[in-house]
Amino acid sequence: MATLSDSTAATNEPSFRFRSLRLTYIKEWGVKSILIACSTLSVFVTLAIVVVLFTEARAFFHADDVYCNATIKDVGVSRKCGQFVGTSTPETAGKEVACTKCGALHEMPAPVTLVGFLTGTKWDPLIGGESDKNFGVWPLITGTMLVSMIAMVLALPLGLITAIYLSEYAHRRVRSIIKPTLEVLAGIPTVVYGFFALTVITPGLKLLNSGFSTYNAMAGGIAVGILCLPIVSSLVEDALQAVPRSLREGAYGLGATKFEVSTKVVVPAALSGVISAFLLAVSRAIGETMIVALAVGSRPQMSFDPRNDMQTMTGWMVQMALGDVSNYDVEYLSMYAVAALLFVITLALTFAGNLVRYRFREEYH
Amino acid sequence: MAGETRAHPLERLAGQLQPRDRKFWDLSFRILCIAVATMSICFLIILLASIFYQGFNSLSWNFLIHYPEPQPGAAGIGPALWGTVWVCTVCAAIALPIGVATAIFLEEFQPVNQWLRRLHTFVQLNITNLAGVPSVVYGILGLTLFVGMGGRFGTAKDPYFSFGVRYYDQFWSAGERVLLVPVADPGSPPTVVEPGMKAINNEGQWVDVNVVKSRRQLPRDKSEREYALVEGRSSGRIEKPSWYFFRLPFGRSILAGALTLMLVILPIVIISTQEALRGVPGSLREAGLGMGATKWQVVRNVTLPAAIPGIMTGSILAMSRAIGEAAPILILAGAIFITSNPSNLMDSFTVMPLQIFDWVGRPQHDFHKLAAAGIILLLGILFLFNSVAVLIRQFTQKQSS
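Here the protein sequences come in this chain order: P and F. Per the numbering used here, the first sequence starts with residue 4, numbered consecutively. Per the numbering used here, the second sequence starts with residue 6, numbered consecutively.
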C-alpha cells in the first residue's frame with residue numbers, strides 16, 4: 004500500500020509508507036461480518052432442529068387426516084386427486100373408505116392424537132392390523148427411565164466419591180494415574196461400550212441370576228453408568244476445586260477429620276456444581292443410543308424389571324431408521340415425534356443444569 | 006490430641022460422636038475412596054482386556070483391505086476405514102473454520118452495539134445448550150435437512166441438479182453381455198427395447214442391437230447372441246459418476262454425513278477454542294492495542310498464534326469424538342451393505358463404528374470376533390490422535406516455560 008494516510012498533513016511527514024486507513028476499516032468490517040455470519044450458523048442449527056422436529060411431529064399427529072393421493076386424469080393432465088377423505092377414529096380404523104371425488108379406496112390408519120401419545124401405555128406401531136395399533140409413548144419412556152436410573156445409581160455415588168478422593172485425598176502420583184484413566188473412559192466410543200455390554204456384562208449377569216434374558220436393561224444401564232462416571236467425576240471435581248482453601252482450613256482448625264471436612268464443609272459449599280453435574284449426567288444417559296440399541300433390546304413394554312428386554316426412545320429411533328418402513332407412513336413419522344420428546348427432555352435438563360451452575364453458585368471472597 | 010480423652014457424659018447426650026468413632030469413619034471413608042478409585046481403573050482394564058482377548062486373532066492385513074462379506078471368514082473393514090477417512094476429512098475442513106471463527110467472535114469481539122450484544126449472549130447460551138443435545142437428534146436433523154432436503158429438490162434417483170455424472174440404462178443381452186444406452190434425463194421412464202436401437206458395449210463402442218420379436222426367435226449362433234435382445238423388455242438405470250460428481254439432493258452421501266458430523270462437533274470445537282483463547286494473557290492483547298493495531302490485527306498477529314496449540318489440541322479431541330460417533334451416521338445411512346471404497350463426494354459410505362455396530366448385531370459368534378478386531382483398530386486410531394494432542398501440549402508447554 005503505497006498511498007499516504009488521509010490524516011497526516013502534507014508538510015512535515017517523513018518518507019515512509021502508511022497503509023490506507025480506509026482499506027483497514029473495510030477489511031475490519033469485512034472480517035467482523037464473516038465472524039458474525041459464522042456465529043449465526045449456530046443459531047440456525049437450533050432453529051433447524053426445532054423446526055424440523057416439530058414440523059414432522061405435527062405431520063405425525065395429523066396422519067389420521069387422510070387425503071387421497073391417487074393419480075387421476077384431469078383434462079388430459081395426470082395429477083394427484085388431493086381430496087380430503089376423512090379423519091380416522093377408533094371406530095373407522097382399519098376399514099376401507101372410498102374417496103368421494105375419484106372413488107379410490109383408502110384404508111383408514113390408526114388414530115393418533117397428542118393426548119393419546121402422551122398418556123397411552125401401549126406402543127405397538129408395527130402390528131399388522133390398523134385398528135390394533137397403539138401409539139402411547141409411556142413404554143418407551145419407562146425403558147429410558149429404567150436404563151438411566153440404573154446408570155445413575157452406578158455413576159453418581161461413584162463419581163462423587165472419586166471426585167472427593169481426587170480433590171481432597173489423592174497424592175499427586177495417584178492423581179496422574181486416575182485422571183488419565185477417567186479421560187480414556189470418557190473418550191471411548193459408545194459402540195465399544197455396547198459391545199462390552201452385550202458380550203461381557205450380559206453373560207456375567209446370567210451367571211449371577213438365570214432370570215436375565217439376552218437383551219436386558221441392567222447390562223445397558225451398567226454400561227451407560229460406566230460411560231457417565233467420568234463426566235460426573237470431572238464436573239464435581241471442578242466444583243470442589245473452586246471452593247476456597249480458607250473454608251477447609253477453618254474446619255481443620257476446629258479439629259474436624261478429613262471425612263467431616265469433605266462431607267460437611269466442601270460438598271455443601273459446592274452443592275450447585277454437584278447438582279448441575281448430576282443433571283448433565285442424567286441428560287447424557289437419556290440421550291445414549293448405541294449402547295441401548297445393542298444391549299437393551301427392541302420390545303417396548305411397560306415393565307420395571309431390569310432382567311427383561313425393553314426398548315428406549317433412542318432404541319425406537321434406531322429401529323425405525325434401520326427398518327424398511329416407507330418414508331411417509333405413520334410409523335416412520337413416529338420417529339420424529341419421539342425425537343421431539345427426547346429433545347425437549349434433554350434440553351430442559353441441560354438448561355436446568357447450566358442454570359443451577361451459573362445462577363446458584365456461591366461466590367466466596 | 007495427646008491421647009484418647011473420655012468424652013463428657015453431656016456430650017454424648019448432645020449427640021456428638023466420640024473421637025474414636027470419628028476416626029473410624031474417617032478411615033473407612035478413606036478406604037472407600039481408594040476402593041472406588043481403583044474400581045474405575047478395573048473397569049478400564051476389564052474393558053480393554055476383554056476386547057483384546059476376543060479380537061486379537063482376527064487382526065490381519067487382509068482385514069484392513071478386504072470388504073465385508075456375508076460370511077465372517079474373509080471379511081474385512083476396508084470400505085469402512087476409507088469411509089471414515091473421507092467423512093472425517095470433509096467434516097474437519099468444514100467444522101474447524103466455522104468453529105474457530107465463532108469462538109473468535111465470542112471471545113475477542115465484545116460488541117458495543119446493543120443488538121450485537123444480545124446476539125452475543127444468545128449465541129453463547131445456544132452453544133452450551135447445543136453441546137448437550139444427544140447425537141441422534143443431529144442424525145435426524147441431518148436426515149431431513151441434508152439427505153432428503155425436505156423433498157424440495159427431488160430424490161437421489163431423480164435429482165434437481167447434478168453434474169459430473171452420466172446416466173445409462175443397462176440391458177443384459179442373451180449372450181450375457183452388458184449393453185448400455187445413454188440417458189439424458191434421469192427422471193425419464195426406462196428405455197424399452199425397440200427395433201433399430203444402438204447401444205454401447207463394455208469396450209465403449211457403439212454396436213447395433215439385434216432385436217428379435219420373442220424369446221423363441223433368439224439366434225442359436227453364439228456370436229449373434231452377443232448383442233441380441235428381445236423386443237419390449239425394459240432396463241435398469243445405473244449412473245457412472247466421475248470424481249467430481251455433485252448432486253443437489255445430497256442423498257445418503259459422504260457430504261451429508263460430513264455436514265451432520267459437523268453439527269455434532271461444532272459446539273465442542275467452539276468451547277475448546279474459547280478456552281484456548283482465554284488462556285492467552287491479556288497483557289499481550291493490550292500491548293498490541295497499545296501499539297495502534299486494530300482488533301482484527303491483534304487477533305490475527307498476536308492472539309491466534311499464541312492460542313494455536315490450544316486450538317489444535319481442542320480440534321484433535323473434537324475429531325476423535327467425530328471418528329467414534331456412530332449414532333448420527335446410523336440414522337443417516339440406514340441399513341446399507343457397502344462393499345466398495347467411496348470414490349466421490351456423493352457416494353454412499355459407511356464408517357468404522359457403524360460397521361462394528363452391524364457386526365455386533367449379528368448372532369454368529371465369529372462376527373463378534375471381527376467386531377472386536379474392528380474395535381481394536383478404532384481404539385488404535387483414537388490412541389494415535391490423542392497422543393498427537395498430548396505431544397502438542399507438551400511440546401508447546403516446553404517452549405513457553
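FYI, nobody ran anything at the bench for these hints, they're computed from the structure. Note that beta-carbon positions come from the ideal geometry of N, C-alpha and C, so glycine has one too. Hints should not be assumed to be uniformly reliable.
Stated by the list, open to error - List time: in silico BS3-like cross-link candidates among lysine-lysine, alpha-carbon distance up to 27 Å: (1) 374/F - 209/P; (2) 30/P - 28/F; (3) 162/F - 218/F; (4) 203/F - 218/F; (5) 267/P - 182/P; (6) 28/F - 261/P; (7) 104/P - 182/P; (8) 35/P - 374/F; (9) 203/F - 267/P; (10) 218/F - 245/F.
Said to hold, decoys possible - Quick look at which bits of chain P chain F covers, simulated, 3 or more residues with Cβ under 8 Å: (11) 184-193; (12) 223-231.
Point to revise | Pair hint residue 267/P and residue 182/P, alpha-carbon separation not exceeding 27 Å | key: holds (25 Å)
**Study point:** Restraint status (C-alpha distance of residue 203/F to residue 218/F at most 27 Å)
**Key:** Status holds; Cα separation ~16 Å.
Check your understanding: Keeping to a limit of 27 Å between CA atoms, is the pair of residue 28/F and residue 261/P held or broken?
Key -> holds (9 Å)
Practice item. Sort out whether residue 267/P lies within 27 Å of residue 203/F, counting only the CA atoms. Key: violated (89 Å)
Review point. Okay, the segment 184-193 of chain P and chain F, do three or more residues pass the C-beta test at under 8 Å?
Key: holds (count 8)
Review point. Regarding the pair residue 218/F and residue 245/F, is the alpha-carbon distance no greater than 27 Å?
Key: violated (30 Å)
Check your understanding: Does the structure keep residue 104/P and residue 182/P at a Cα separation of 27 Å or less?
Key -> Since the Cα atoms of residue 104/P and residue 182/P sit roughly 71 Å apart, the hinted pair is violated (cutoff 27 Å).
**Study point:** Restraint status (C-alpha distance of residue 35/P to residue 374/F at most 27 Å)
**Key:** Cα-Cα ~53 Å, so violated.
Review point. Within a Cα-Cα threshold of 27 Å, do residue 162/F and residue 218/F meet the stated pairing?
Key: Between residue 162/F and residue 218/F the Cα gap is close to 31 Å, so the pair fails against 27 Å, i.e. violated.
Review point. Between residue 374/F and residue 209/P, does the CA-CA distance stay at or below 27 Å?
Key: Holds. Residue 374/F to residue 209/P sits at ~21 Å (cutoff 27 Å).
Exercise for review: Given that the segment 223-231 of chain P was listed as covered by chain F, double-check it with a C-beta distance under 8 Å for 3 or more residues.
Suggested key: Violated, because only 1 residues of the segment 223-231 of chain P bring their Cβ atoms closer than 8 Å to Cβ atoms of chain F.
Practice item. Quickly compare the C-alpha distance for residue 30/P and residue 28/F to 27 Å and report which way the hint goes. Key: With a Cα-Cα distance of about 68 Å, the restraint between residue 30/P and residue 28/F is violated, given a limit of 27 Å.
Hints 2, 3, 7, 8, 9, 10, 12 from the list above are not met by this structure, while the remaining hints are.
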